[in-house]
Structures are given as structure tokens and as C-alpha cells.
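Undergrad: Sequence:
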Amino acid sequence: MYPGETIDPHPPAARGVATEAVARVELLFHSDLRRVGGQSVLGAASDARPRVIGRDAPLFTSPAGGEALPLLDPCISREQLTVAYDAARGLFEVKPGAGARRPLAFYDARGTEVRGGLVPPGTLVAVGDRALLRLRIGDPPEPAPGPELTGLSAPMEHLRRQLLGLARCDDTVLIHGPTGVGKERAALALHRWGPRSGGRFVAVHCAAIPEPLVESELFGHAKGAFSGAGAARRGLIEEADGGTLFLDEIGDLSLPTQAKLLRVLQDHRLRPVGSSDEIAVDVRIVAATNRELLADLEAGRFRADLYGRLEGFRVEVPALSARREDIPVLLAQFFAARVAASDDAARWVRPANEFAPPIPLAFALGLLAREWPRNVRELERTVASIAVASERARVFTAPADEAPHEPPAAGHARPGAEELRRLLDEHEYVSHRVARALGVSTTTIDRWMREHAIVRPRDLGADALTAALDAADGDPARAARALSVSLRGLKLRLRELGLTREDSR
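Sequential numbering of the sequence shown, starting at 69, is according to my numbering.
Rather than coming from a laboratory, the hints here were simulated on the basis of the structure. Be careful, since some hints might not be right.
[What the hints assert, rightly or not] Capping the alpha-carbon separation at 25 Å, the derived lysine to aspartate or glutamate pairs in DMTMM-like fashion look like this:
(1) Lys-559 to Asp-538
(2) Lys-328 to Glu-317
(3) Lys-328 to Glu-252
(4) Lys-291 to Glu-252
(5) Lys-163 to Glu-147
[Stated by the list, open to error] Okay, the calculated beta carbon distance ranges per label pair:
(6) Thr-510 to Ser-389: 40 to 46 Å
(7) His-500 to Ala-437: 26 to 32 Å
(8) Asp-541 to Ser-130: 32 to 38 Å
Here a beta-carbon is modelled for each residue, glycine too, at the ideal position from N, C-alpha and C.
Take the sequences, apply the hints, and build the full model.
TA: Below is the structure:
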């Protein structure tokens, strides 16, 4: 920061500079998980002409900053749907395109199906089981400087604008938000998006350091400062010299430690424990808490002068329930990262093809209804458990070309993988109904499912079932839909494994 420079935490778009609102579409689900999070500007909101969305247009900017690409899904028509914005009514008109190959379904932010046709901004549009789009009206999106903060929702766009403005200055910032929302990632964005990105980012969880060691950990100590201090040691503040120190749960610091921290903020100097010498430090301090420090201040647990320094620039990180439309994006990101290093990664992260997506769209939609009290951290753990279970038990359907090919049953035309999946879905995955429709035995249906690597209830292990039920808030019907198995088969498997829940009977 240069002398006399005015700090503006909000870029021009946030200050209300006139920009024409645009209609845009965001890609919340795609058969290629790496494409999820892309977005495309359809045109000015005042332009009421229908826009075509399909396999070859429009182009979606990559969330990773690479080449802009169309959907490129062979199962989606070139003119899958048309979208027009009626500015007078504030509604999108959505119609199937000429020769559309996939049906359209419409959902609100909680994944509840709604009536299509004329829909408000924010509506989710599912293209069969292949893609999920979100329609938006607003300012042109600003490219994010880095991948630290994932999400296409309005709260996340607002947070990115705030952090972009604050990253240019050197002032102390207080990041507030409930547990698990990603406060450390917001602090990391401040560090990486600003001039200190070349320095170190040192994160300290204040509540995790035993009280007798806090001052030594933060400020360092001289040789012989206390029993066991056989050598001098640099503190974490000095370790962050030239960079950023992130103090998570700063409200847990004791009053004496708060006083010493205030000295660092005011004078940029610190004194190690047991030393008579001071050390100059150049460090930016970013603090975080899930508590209201004003209540701690009134209770005498927090210093008023330190509170005044921290409250200058306060950033709120939204709860996951306030940005549900980001859940499919986070799901794809976490899942892709989880399996990218596995030996079977090509089965999960691959260009769109004629086979089923690696994660069922119905499963992604089912996650929208949950409350997620532990926020992004809970979602990440849920995805991790499902990823592990799916690698072990193939919860999500594997590509049909991985299955062995055997001659069809005598006298019967064996359906392809996609046709068999369609029939199973049409008959709620009840084998005897599909067998009756095809004129074969249930044993034949079972063998065909095995040959096409279509998951049967008996293939599901305890981990996979538990993870699916947790994701469905204990609702076995929703879990069965997400796993693409019959409800009866799911309940029988639960009983076999001794996992029967009160609400599953």
C-alpha cells in the first residue's frame, strides 16, 4: 500500500457503476466432472430473442481457466432447448428445441421439481440425466483470480468481490462465519490474490494450542526462557514475515496474548518470550471466528482495542444452506479430486460419452435438500466416504464397455447397456417387472445387469449403504433413487447387513 492510497474493498461493479445486466447460464452438472462450474453469457437481458442451448453452443468458460467449450455431449441434441428472457415479467421462457433428444425437468434451489415453461431466474434445468443448468440474470461475471473459492452463487460472487478489493491493501481483516464454511480458504484467497502472494501463508488454529504454549508458539522464545527451552525458537508470527498470518478462532486467545498481538498490529514489532530484544516483523494478520466477538467484549473476554482493530474490515462467509446451487459444483470438485489419483480415475473423470455420467444427476439433486449444519466440511466428508465406497462396491454405474461380453440368451435379443438402464429406471429397478416387459426370466435380467456392470442391491457394501442413507437424511426411498436400485432390494440388503434403521422398515 502506497502512502495516501485510498483503500476501496469493493471494485466498480460492487459500487453500483452502471453495467447492463446479462442473461447467463451456469453448468452445475455435466458428464465430464471437470466441466462443472463453467458458465456462458447468453446476451443482454434486454434482448428478448430466444437463445439456443445444445451440444455445440453456446461456449462455457472453463472453471479452471482453460479453453471455452460447448457441452460436447453426444447424448444432447444440437438444439436441445431455447431460452428467452422476458424483462417485463422477469421470467425465462424455456422450451424444448427442435428434435430434442432429452426431456427437460425444472427444479428450485432445494432440488424440488417445479413447473417448467416460464420460470424465474435461479431455476435449475435438468437435461435428462446428462446436464444441469442454472439460469441467471445479473452483472457480467468477473473471472476469479484463483481456484480458492468455488461457487457460482450470488453470495460467493459477492464474497469474491470483497476479497479482491481487500487483497490489494494490507489492513487486518476479520473473517466471520459458522463452522466448516471455509474461512481458511477465504484467508488464503486474500493472501494469494494480493501483493504478499510470494510470502508464506501461516495458518494457526488458536484453540488447538495448549494455553501454556500459546505465547511461545506465536512470538517465539529465547534460549533458557523456560524449562526445556534449550535453544531459541522463532515464533509463527516471525515465520510469516513478508507474508500472511491466519489466526483461526482468535476469540480463544487469552487476554495477555491479545495484548501482545495488539502490539504487533500497532508497531510491527514483537518480543519473544524470555528475551529483552524486540524483532521487527512485516506481516499481515487475518483473523477468523465463528463467534460474535462483541458478546465476548461485553463479557470481558476480549480486549476493546483489539476488537476495534479487527472490526475495520469484516467479511462474512455464507453458510452452505445459503448457497445451495453451489453444492453440485462442490460435489464434482471434491469427487473429481478424490478419485483423480486413483488407478481407476479414467472411469470417473472422462470426456462426455454415450455412457451414464459417473455420478447420477439424481444423486446430486438429492443433496440440495439437506440442511448441512456443518457446511462445506460436512459435504466434503460425505463425498469422501461415498467415493471410497463407490470405488470398493461400484455404487455409481460403471461404463458398459468395462463389462465382459457374452452371447445373448437363446431366443431373446439382449438389450444394450443404455436400453437396459432405461428399462430399469422405467420400472423402478424392480427386476421381475423388467423381465416381464422383455419376456425373459429374472435370472436373465440379473445376469445382464452383472454383464453391464449395473449395480444390484447385493453389490452394495455397508459403507456404501450408510453413506447413501446419510446423504438422503435417512430416507430409504431417496437413497434407493440415488443408488439406482429398487427400494425393496435396498431394504433387504440393509437387513442382510444388520443396518436396518427405524425409518427404513
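Undergrad: Taken at face value, is the distance from the CA of Glu-252 to the CA of Lys-291 at most 25 Å?
TA: violated (33 Å)
Undergrad: Given the hint that Lys-328 pairs with Glu-252, test it: the Cα-Cα distance must not exceed 25 Å.
TA: holds (23 Å)
Undergrad: Quickly compare the C-alpha distance for Lys-163 and Glu-147 to 25 Å and report which way the hint goes.
TA: Holds, because 10 Å separates the two Cα atoms, which is no more than 25 Å.
Undergrad: For Lys-559 and Asp-538, compute the direct alpha-carbon distance and say whether it is at most 25 Å.
TA: holds (15 Å)
Undergrad: When you take the CB atoms of Asp-541 and Ser-130, is the distance between them in 32 to 38 Å?
TA: For Asp-541 and Ser-130 the Cβ distance comes to about 33 Å; the hint holds.
Undergrad: Okay, His-500 versus Ala-437 on CB: inside 26 to 32 Å?
TA: The hint (26 to 32 Å, Cβ to Cβ) holds, given that His-500 and Ala-437 are roughly 31 Å apart.
Undergrad: Does Glu-317 lie within 25 Å of Lys-328 when you go C-alpha to C-alpha?
TA: holds (17 Å)
Undergrad: Given the range 40 to 46 Å, decide if the beta-carbon distance of Thr-510 to Ser-389 lies inside it.
TA: holds (43 Å)
Of the numbered hints given earlier, the model fails hint 4 alone.
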